[in-house]
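Peer 1: Chain order of the listed sequences is A and Y. Under our numbering, think of the first position of the first sequence as 1, with each following residue one higher. Under our numbering, think of the first position of the second sequence as 262, with each following residue one higher.
Calculated directly from the structure, the hints in this document are not laboratory data. Treat the hints loosely; a few may be bogus.
As the list claims (entries may be wrong) - Each pair of labels, with its calculated beta carbon distance range:
hint, chain 1, residue 1, chain 2, residue 2, range
1, Y, His389, A, Leu106, 49 to 57 Å
2, A, Ala89, Y, Leu491, 52 to 60 Å
3, A, Gly224, Y, Pro481, 33 to 41 Å
4, Y, His389, A, Leu232, 57 to 65 Å
5, Y, Lys278, A, Ile173, 20 to 28 Å
6, A, Ile173, Y, Pro403, 50 to 58 Å
7, Y, Leu491, A, Ser53, 49 to 57 Å
8, A, Gln84, Y, Arg267, 50 to 58 Å
9, Y, Arg267, A, Trp250, 40 to 48 Å
10, A, Gln84, Y, Asp502, 35 to 43 Å
11, Y, Gly477, A, Val110, 34 to 42 Å
To be verified - From chain A, some residues computed to sit far from chain Y (all C-beta separations above 12 Å):
hint, residue
12, Pro24
13, Ile36
14, Gln38
15, Gly46
16, Arg47
17, Ala89
18, Thr93
19, Leu100
20, Ser130
21, Val131
22, Ala135
23, Leu170
24, Met195
25, Thr197
26, Ser222
27, Arg253
Idealized CB from N, CA, C, for every residue including glycine.
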Amino acid sequence: MSSARLFFVGGLLSYRALFGWLSPWILIPTYVVAPIFQILLFVYIGRSAGVQSDEFYVIGNALQYAAIPCVFAMTNTIAGERDQNTLGAVLATPAKRIPLFLGRSLPVIVNGFFVASFAFIVGGALVGISVPGSAVPGIALVILVTAFACTGLGLTTAAVGLLARDTATLANIVFGILLVFTGANVALSDLPGWMSTIAQGLPLTHGIEAARRLADGASFASVGGLIAAEALVGLLWGLVGYSTIRVLEWQSRIHATLERA
Amino acid sequence: MRRTARLLGMGWLFHVKMLTRSSFNGVLGIVYPLFFATVAFFMYRAGSPDALFYASLGASVMGVWAATSTAAGAALQRERWHGTLELLVAAPAHFALVLLPVTIAMATIGLYSMVSTLVWGRLLFGIHIHVEHWLLFCLSVPATVVAIGMLGFLLAVSFVRYRTAWALGNLLEYPVWLICGFLVPLTFFPDWVRPISWALAPTWGMQAIRQSAQGGTPIPDLLVCVGLGLLYTTIGVVVVDRFLRAARARAVLSLT
């Protein structure tokens with residue numbers, strides 16, 4: 001019971017406390033307007049370059065933008081604690097670590113889902129793409145799984161936050177890598193082989209592909225494998241992140257380096 | 262006049278040095294636009310390989326704006342955090358002379374990104390940059406950088422009342438990339454977008470750089486770019502005077 005309470009209440013409280021993102025002055029530019037302009041940017045580059053359809057870029061960028069709330073927010077859950085001088089107190093508690101850290105990921109996933117969904121709906125409406133109504137529930141599920149996968153990667157970058165102080169730079173670089181590698185704007189077949197191989201192990205790649213196929217009329221069953229692969233990638237990154245946090249927490253106790261990063 | 266020039270010059274040098282020591286402004290300022298440039302290069306290579314030269318020049322200037330928009334939006338807030346805003350405002354020099362070199366220094370940092378993007382395009386995508394008029398090209402680049410810095414100055418003073426000005430500055434990154442013709446010709450946009458593009462100095466700076474590289478007539482574009490930059494500065498100085506008067510009258514400079 002206490003683990004469940006820690007998971008839900010602790011996660012929500014830490015999210016609200018560590019981010020000032022309830023302020024509309026940050027939320028609206030970052031989560032509402034910026035993804036729309038990212039979609040428009042790549043739609044117009046695509047039109048100018050004469051590659052792919054508008055739908056390709058709307059789906060790719062709407063889902064890719066889930067990386068902003070998911071990766072940045074998870075990364076800041078560690079760095080934010082350090083900034084507030086509460087990281088030592090958090091890690092000194094006897095609370096179980098799985099609900100402690102995973103609880104922080106739940107509101108992040110929900111947030112990422114809404115940001116990507118909003119970008120998909122509004123970006124699609126602005127550009128004028130049409131998606132079959134039957135595909136909408138499937139795409140919604142894909143967005144949710146993609147947000148989960150990005151949050152898993154975010155947990156890994158959060159772990160790096162125990163070693164490095166400048167997590168904002170790190171999160172931006174991760175965002176850029178996802179932009180280039182995952183097929184959000186460039187079909188995997190147009191990328192060099194080594195890049196498309198790396199993409200298979202990154203969040204977003206399988207989710208974007210699944211969403212595009214659903215929008216093109218594929219059945220949900222036919223993309224089940226892609227959705228499962230996206231979930232698996234997220235789970236693996238989450239495990240890597242959680243394990244790294246535990247190892248670094250242990251190291252920081254031994255060497256007294258928690259606040260030194 | 263000499264003292265003013267010295268203040269501007271020393272302020273610019275001081276802030277360039279400071280910004281180069283920041284990983285966020287230094288490393289990320291180079292790497293982040295490279296991600297977008299890489300995507301654009303892949304897209305143009307797949308669809309219109311002939312336009313790669315066009316895309317390379319545009320992508321290189323994107324970094325100058327990227328280095329300016331978010332940082333300029335947050336310029337005054339940063340002084341607040343450092344506790345130096347009151348000191349700078351109280352200094353005998355006009356506050357605009359203190360702030361203008363800050364935003365021009367931010368745009369100058371974008372030159373790293375500009376060079377690295379051109380080298381990136383050459384090494385990884387084989388994009389050769391042929392410059393027909395080197396002298397005009399060498400005039401167009403710094404003029405564009407300074408004009409973008411002046412636009413940053415206007416942003417900085419316009420967002421002075423907002424604690425979260427960085428988010429507003431960040432918000433303007435994509436729109437300017439989009440409508441200033443860095444990667445997409447203006448003819449692709451609806452007619453109502455073009456007057457907005459024309460009011461932005463980076464549009465003209467970008468055209469001047471392209472014209473000088475391709476052997477066209479960059480001087481008219483260059484003059485409009487510089488003229489708009491001076492207009493931004495003039496408006497910015499008026500805004501600075503108004504906000505300082507209001508801040509002194511209401512004691513709200515620190516926004517606490």
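Peer 1: For every hint, state whether the structure bears it out.
Peer 2: So, going through the hints one by one against the coordinates:
About 51 Å separates the C-beta atoms of Y:His389 and A:Leu106, a value consistent with the hinted range of 49 to 57 Å. With their beta carbons about 54 Å apart, A:Ala89 and Y:Leu491 fall inside the hinted range of 52 to 60 Å. Look at A:Gly224 against Y:Pro481: about 59 Å separates their beta carbons, and that is not inside 33 to 41 Å. The hint said 57 to 65 Å for the Cβ distance between Y:His389 and A:Leu232, and at roughly 43 Å that hint is violated.
The given range of 20 to 28 Å is respected by Y:Lys278 and A:Ile173, whose C-beta atoms sit roughly 24 Å from each other. A C-beta distance of roughly 29 Å is found between A:Ile173 and Y:Pro403, which places it outside the suggested range of 50 to 58 Å. A hinted range of 49 to 57 Å is violated for the C-beta pair Y:Leu491 and A:Ser53, which are about 43 Å apart. The hinted window of 50 to 58 Å between A:Gln84 and Y:Arg267 is violated, with their beta carbons roughly 42 Å apart.
Taking the beta carbon of each, Y:Arg267 and A:Trp250 are about 55 Å apart, not inside 40 to 48 Å as hinted. Against the hinted window of 35 to 43 Å, the Cβ-Cβ separation of A:Gln84 and Y:Asp502 comes to about 38 Å, which satisfies the hint. Between Y:Gly477 and A:Val110 the beta carbons are some 52 Å apart, a value that contradicts the proposed interval 34 to 42 Å. The Cβ of A:Pro24 does not lie farther than 12 Å from every Cβ of chain Y; its closest approach is about 9 Å, which violates its non-interface assignment.
At roughly 9 Å from the closest C-beta of chain Y, the C-beta of A:Ile36 falls inside 12 Å, breaking its exclusion from the interface. Once the 12 Å rule is applied to beta carbons, A:Gln38 is inconsistent with being away from chain Y; the minimum gap is 6 Å. Once the 12 Å rule is applied to beta carbons, A:Gly46 is inconsistent with being away from chain Y; the minimum gap is 6 Å. Against the 12 Å criterion, A:Arg47 falls within the reach of chain Y, whose nearest CB is about 6 Å from its own CB.
With a least beta-carbon separation of about 24 Å from chain Y, A:Ala89 lies farther than 12 Å from that chain, consistent with its non-interface assignment. Every CB of chain Y is more than 12 Å from the CB of A:Thr93 (nearest about 30 Å), matching its label as outside the interface. Every CB of chain Y is more than 12 Å from the CB of A:Leu100 (nearest about 29 Å), matching its label as outside the interface. A cut-off of 12 Å between C-beta atoms confirms that A:Ser130 is not in contact with chain Y; the least separation is 20 Å.
Its beta-carbon lying about 22 Å from the closest one in chain Y, A:Val131 satisfies the requirement of being farther than 12 Å from that chain. Every Cβ of chain Y is farther than 12 Å from the Cβ of A:Ala135; the closest lies at roughly 25 Å, confirming the non-interface assignment. Residue-level check failed: A:Leu170 sits 9 Å from the nearest beta carbon of chain Y, not beyond 12 Å. Listed as outside the interface, A:Met195 is inconsistent with that label: its C-beta sits roughly 9 Å from the nearest C-beta of chain Y, within the 12 Å cut-off.
Non-interface call for A:Thr197 relative to chain Y: holds, since the shortest CB-CB distance, roughly 16 Å, exceeds 12 Å. Distance check for A:Ser222 against chain Y: the nearest CB is about 26 Å away, which clears 12 Å, and the non-interface claim stands. Consistency note on A:Arg253: stated as away from chain Y, and its beta-carbon is indeed over 12 Å from all of that chain's, at 27 Å minimum.
Hints 3, 4, 6, 7, 8, 9, 11, 12, 13, 14, 15, 16, 23 and 24 from the earlier list are contradicted by this structure; the remaining hints agree with it.
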